[in-house]
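In case it helps, the numbering used here puts the sequence shown at residues 1 to 374.
These are calculated hints, taken from the structure and not from any lab test. What you are looking at is a predicted structure, and each value in this text was computed from that prediction instead of being measured. Wrong hints could be hidden among the right ones.
Unchecked claim - Here are the computed lysine-lysine pairs in the DSS-like style, where the Cα-Cα straight-line distance is at most 25 Å: (1) K48 - K302; (2) K302 - K371; (3) K283 - K246; (4) K302 - K372; (5) K302 - K283.
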Amino acid sequence: MPLPRYIWLYLLLTVCSVACKKEGEEITPQADPILSWQTDNDFLFDEKTQLNSYADTSLIILSGAQTTAIAPGEQRSKSDTTFTHYAGQAQPNGRTDYRPFLSSSFIAFLNDDRVDVFPTASPVLARGNDYIRMRQLDADFAGFIPLAVNQGETMVVNRQNQLIVPYQRYDRSYSTPVINGGNISIVLISINVAAWPNLGLDVTKTQLVTLEGAGFPYSMGSAGDYFIVSTATGTFRIAPDGVFQKTYPYGLLRQFSYNGTVYGLTYANSSSLQLVASTDQGKTWSVVATQVPDTYRLLTYKQVNNLLIGMYNSQLFQIQLTTTTLTPTELDNTNLFGNRITSVAAFHNTVYVSTLSGVFTKPLRAFLTPKKGK
1 MPLPRYIWLY
11 LLLTVCSVAC
21 KKEGEEITPQ
31 ADPILSWQTD
41 NDFLFDEKTQ
51 LNSYADTSLI
61 ILSGAQTTAI
71 APGEQRSKSD
81 TTFTHYAGQA
91 QPNGRTDYRP
101 FLSSSFIAFL
111 NDDRVDVFPT
121 ASPVLARGND
131 YIRMRQLDAD
141 FAGFIPLAVN
151 QGETMVVNRQ
161 NQLIVPYQRY
171 DRSYSTPVIN
181 GGNISIVLIS
191 INVAAWPNLG
201 LDVTKTQLVT
211 LEGAGFPYSM
221 GSAGDYFIVS
231 TATGTFRIAP
241 DGVFQKTYPY
251 GLLRQFSYNG
261 TVYGLTYANS
271 SSLQLVASTD
281 QGKTWSVVAT
291 QVPDTYRLLT
301 YKQVNNLLIG
311 MYNSQLFQIQ
321 LTTTTLTPTE
331 LDNTNLFGNR
341 ITSVAAFHNT
351 VYVSTLSGVF
361 TKPLRAFLTP
371 KKGK
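Make a model of the complete structure from these sequences and hints.
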């Protein structure tokens, strides 16, 4: 029995409607998963909490609350990017309130009253490490002053392999000892790292420096042979022999080095944020930009290859500097959202982003992809 004419007409209209709808639909292109941030499955469970990273042309180091991982590991090809996770003395003690110090020469951790240093070339070599026991150096040692991970480095090194760490002392002039919160004490540690193939290191000298009336450290940095410690009452330049001087009357809320110049963000004596710079290793400072948006003081900064990268929560920025301005570009953070970034490093052809909840990677060629709509 043939179908009635109205049924044929209904079927024809339905087909045309579906065809027209499909033709008119806007197809949203999907992000290439290879070019988006991907979880590195070498850092799971306790190894997900990452605090700092370091990379050069020869190696990359990732360190967190429970792991220190290096690629390439010992006895591996220089082109190998497989991480070796080290235990023993190279395994941090679980602290998450500061950034471990990482370099191509040595690595340093903080314990309650001790600075642990060991050679990067052989992190678990027992005879190659050293411990700086603070109460043996200073009977009034009260505790280290860690700078929060999103604030910057707690330990910094100069090019002479000297390391500085800030701490507080007890004031025993009272019947009950109290912490002297007005001063910042600093231990300056001179380290000799043996050249390959010899392994190990030696602490050759320690010095104690006190910045009286400095208050609390805002930021820590280094330039050449000098250290730059910025505090609530100003910015100090410390020489390798421990002699220091205040070279800028204001505190730098953030400081970073980029292509040999030291930069700092400060309110100085105004109500607006300023960018200042030093081209002579912290001896003198000049204003680069005024009326800088306040959000810049919330970022942490790091040079990655020849790029200046800013980090805040789960967002990365490429910062472009001129003689009078700084301009940010938000970078694509697909799959990064919700993960607090602590560091970023590039090794060979891959970028590694460390977060408090895992390590994420992306090909270097796609690193500067702008955030959609930005």
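Violating hint indices (sorted, rising): Checked against the structure, no hint fails, so every one of them is satisfied.
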